[in-house]
Each structure stands twice: as structure tokens, then as C-alpha cells.
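Peer 1: The primary structure of each chain is shown beneath.
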Amino acid sequence: MSAVAVENTRNQPLVNLRGVTKLYKRGSETVEVLKRLDLAVPRGDFLALMGPSGSGKTTLMNILGGLDRPTSGEVIIDGQPIHTLSDSALSGWRARHVGFVFQLYHLLPVLSAEQNVALPLMLTKLGGPERKKRAMAALTLVGLEDRAKHKPAELSGGQEQRVGIARAIVTDPTLLLCDEPTGDLDRKAGDEILELLQLLNKEHGKTIIMVTHDPHAAAKAERTLFMNKGVLGEEPEA
Amino acid sequence: MNALTLIWGALKRRKARTVFTFLSVVVAFMLFCVLAAVRQGMLGQLKINIAERLDTNSIAQSLMPLSYYAKIMSVPGVTAGIYFIGFQGHYKNEKNSLRVVVTNAKELFKVYQEFSAPPAQMQAWLSDRQGAVAGPILATRMGWKVGDTIPIQGGPAQKDGSTTWYFHLDGIYKTGLPTAYQSFFVAHYQYYNQGIANTNMQNVVGQYTERIDDPRNASAISNAIDKLFENSTPQTLTQSQVAEAISFVRQFGNISAMVIYVGLAVFFSMLLIIGNTMAQSVRERTGEFAMFRALGFKRPWLGWLVMRESLLLIVSGGVLGLILGYEVTHLLAPYVGNLLQTFSMTWSAAGLGIVLSIIFGLLAGLVPMRRITRLRVADALRRG
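Protein chains in written order, with my numbering: chain A, 418 to 655; chain B, 1404 to 1787.
Everything labelled a hint here was simulated from the structure, so no lab data went into it.
Ideal Cβ placement from N, Cα and C applies to all residues, glycine included.
Nothing false has been slipped in among the hints.
Covered stretches of chain A (chain B as the covering partner; in silico rule of three or more C-beta atoms under 8 angstroms from a C-beta of chain B):
| hint | region |
| --- | --- |
| 1 | 478–492 |
| 2 | 497–510 |
| 3 | 525–535 |
In isolation and in its complexed conformation, chain A is listed as follows (with noise of 0.2 angstroms):
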């Protein structure tokens, strides 16, 4: 790739979403949960998506991260097409550029922290001394490097949030993609949550894309969209 096409690609938004629709058929019935969705996130961006239950907020953060096909439009993230990949290669794509931290944790309760944040890695080719190694960093990033050996449920709901967003980065992802990160958190913990999300953000130029109900949440974001039956906007709907 020759320089001026990498100064391109810089230049181009991380996130490109042209005229996504999604369609569920929900017995005979036929329900858009996205209707021609347009959507550009700069690289190093912190997006906070809001809008009532049942907008299509997380059908839309599925899509972004792949776990979701559109029924029509283009997915193109940090250059890729991903709405044409296989099955197996959309895998691939999401264990190199998406880090996802999710409301309930999803940590694995046999697990050590440490070994949860490493499990992303075992997708790669490094050997288990580099794992680990980097599995303490991301713990180390996340304030959590002296609880490398408990398991989750010796940690606190803030904690294992913690671990969970330890395991998103592990892997150093170009994307960030946080589903209700607090919503299962106290204030207290909540803002611990966000100002590593913050931090993320800012000091590792992390581009997140934050889905929320928390209007105090999407405040630390820079910016938020509102979804409203399955349409983004820049204001809630009154």
C-alpha cells in the first residue's frame, strides 16, 4: 500500500454504514428493525447510541460487530466490506479488529481473570508466556493486575466488568463495541466503567461505539446518536 493510500484510508471514516436495513420476520409478519440506515464513526471516535428498548439499538451493534448480517445496505468497516464475508472469515475479521464488552460480563466462572482476558488470544499464534505477558498488561491497564488469579466470582460486578474490558483489548482491536456496559453496575462502579472507557479512548486512541440507556453514560461519551424505531438521529425523539 503506497503512503497516499494509507493517508486515504486514515482519512476515511473507521465505521461506514450505506442504507443498512434489517428485516426480521417475526411469524407472518415482517418487521423492519432498521430502515436504511446511514452511518460514518471517525477512527478514534466515543459513540454513544441511546433510544428506548426495541429501536434496533443492539441489532445495529450486532451488524457492527458482525455477529449480524443486514438484510440490504453496506457494512464497511476500516475499509472492509464486512457484509460479504463468510461466516468463518467474519470470525476471523471479528478475533483481529472488535474487542466486545458486554452488560452481563460473559466471563468464564472457572477461569482466572487472568486466564479470561487471555482466552482471545488463544485465536492467535503466540506462545503462552507472550499470552500471558500481555493478558497482565491488559489487566495492569484496567487496575486489575493484582487480581490476575481470582476468579469471577471472587471479583466485585465492577471488577469483573473490568476483566471484561481487559479481554476486549487484549487483542488491541481497531473497534470497541460496548453493549449496556454499566447497566448491570452501581453509579460508583459505573463511572469507574466509563472512565476506563474514557481513558481508552482518549490516551489509546480506541474508537468505541457505547449502547446505552444511561443518559449519564452517553454524557462521557463525545458524542451521541438516538435510535428511534430502527432511524438514527441527532436529538431523542420528544
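Assemble chain B onto chain A, guided by the hints.
Peer 2: Structure of chain B alone, referenced to chain A:
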């Protein structure tokens, strides 16, 4: 950390369930071993009993005079013959019960060529009136070694009134035949016959066994032997051991088949329950598998992870079940040996057991594997 860490972690998740499932597999395969041993007990006799050997019994199921022996041996085609009788006794205490068989030792290993003993031990036995040889399993069970004097209590009264018979263990024979054949205790007929007090029990035998030159002549030789005693009391019935075994299988075959079918039904039922438990265990972890998919793990890898979990549980349980089952058949052999002399676990049954455990491991893993490989990640993540 590797796939094995994840599998082991999944199995440790609900320890009680894993332990009970594992034990179910172990018990199922122990049952398989016992069934295989019963089958071997039924059919194995057909392989061991050879057409070159004939058994002569009293039609009236009474004892026969020793004088028949010389006449039997004069029949053309009979190359060797033994007569024998036995009594039940015990060594030291009644728990160590055993059957003492007395015979004309010189001919024994000519008739039963599957048995052998070191020449020095054989020579010592033949020249020792009180001598005896024992099977290796019996000798081990009783803690005997060659040279020991062995008092067998609870036998028939001797002329001096004693019911304890003293034998010298001159040898330990070898045979590749199943367990029941490795637990005989064989002594000289002459010693017994001269020592027994009951004169009605002197010079009588329970059975004759002959070796013949050509199995094709078995029928003719059998008829010739029985013809010798058609005007005597008791009359005899001679038949080849193969014919006896077939008759035995016919007599008990249906009962045995029924036991095996019922056992197999139980075996398969247990495996269905195990399969269901596996499916339930995976169903409970749907959210975790969705997380794996989100992280980038591919469907085949996760499917194979589930399959390996099923295989690990069932094959390891199966192998342990087969090992324990082998021990159980060993323990049972002395108790069923009279009826099923070839009751034993064979290598082919063990091999079949391992193959079955792999097949069941694959089958039990198939349903959860399908579930995981068809998982809708977005829905599963939402459900948690």
C-alpha cells in the same frame, strides 16, 4: 491455557453432576463387561470343548465303577483317557472353599493338552502319592507355593476318621484357558481311593474323559464305548465335548439371551440419560458459547470443543468401567464358574467396549454440537 483447560473447566463447573454422569458411564460399562463375560461363558465353551475329547457319564447320573476304564481304553481310536471324581473342602476356613479333583495323573495332560507344568514339577507330582497341582489363580488366592503341605478340611471321612486330607503342592500348572480353568486343584485318585472310609465310594468315578485320534470318528467311538456297558449298571452316555457344549447352549441359551437383552436395554437407557445430561450441560452454557463466537472462535472449533468434552467424559468413564468390570468378572468367576466355565472378559470384548464408548461419546456430543454450531449469537448473548 488450551482447549483442554476449557473442557476441564466446563466439567468442573457442576462437580456433582459431572461425578454422577461419570459414575453412570462407569457403571454402564461395568455392566457391559459382565454381559460380555456371560456371553463368553455361553459361547466360549464351544471354542474350548474340542471334538477330539469325549465325556462318558452314567445315564442314571450315578457313579460308575473304576473297572470301566480298562474297557474304555481298549476301544480302537481312544488314545488317552482319564477318570475322576471330586469332593468339596476348604483350606483353613470355610471362606476358602475349593473342589478337589482326583484323577489318574499320568494321563491328565495327554487328555487336556491345553494344560502344562514344568517337567520337574510334573515329575515330582507323578512320583508323590500325596502330590497335587493347582491352578495359578487358586494358588495366588490361597497364598500357596510349590513345596507347601496343604490340609484340606471338610472332605469325606478317611479310614482313621479324619476329614482333613493332606496334600503336597508339587506344581502349579499353566493354561491359557479362562479363569475357571485356572483354579483347579488336582490330586491322585489312588491316594483318595485308598484313604476314603466309605467302601461304597471306593473304586468308583464320576466321569471318564477320553482323547480320540480323529474327531470324525467321535460318533462311532462314542457308540462303541456305550455298547460296552449296555448290559451293565449303570449304562453310559458318551458324547463329544462339542456336542455337550451345544446342548448346554441350547439349554441355557434363551435365559442367557434374555439376560443380555435386558442388560443391553439398561446399558442403552443409561447412555441416553448421559446424552441428555450432556445436552443440558451445554444448553446451560449457551451464553458462554455465544461469547466465544463473538470473540471470533469459529463454529467448527466450538463444535469440536463440545464433542471433545463428551468424548473425554464418556471414553474415560468407559475405560475405567471396563477396567473395573474386568476385575468384577474376575471376582464373579469362581461363583459362576461351575455353570459358565468360560465366564470371562475377553480382549475382543474390551476392544468392543472401547469402540462403543467412542461411538456413544460421539453420539452424546452430536446433539449439543449441532446446537452450538447453529447458535444465533445475537439472540444467545441477549439471553445471557
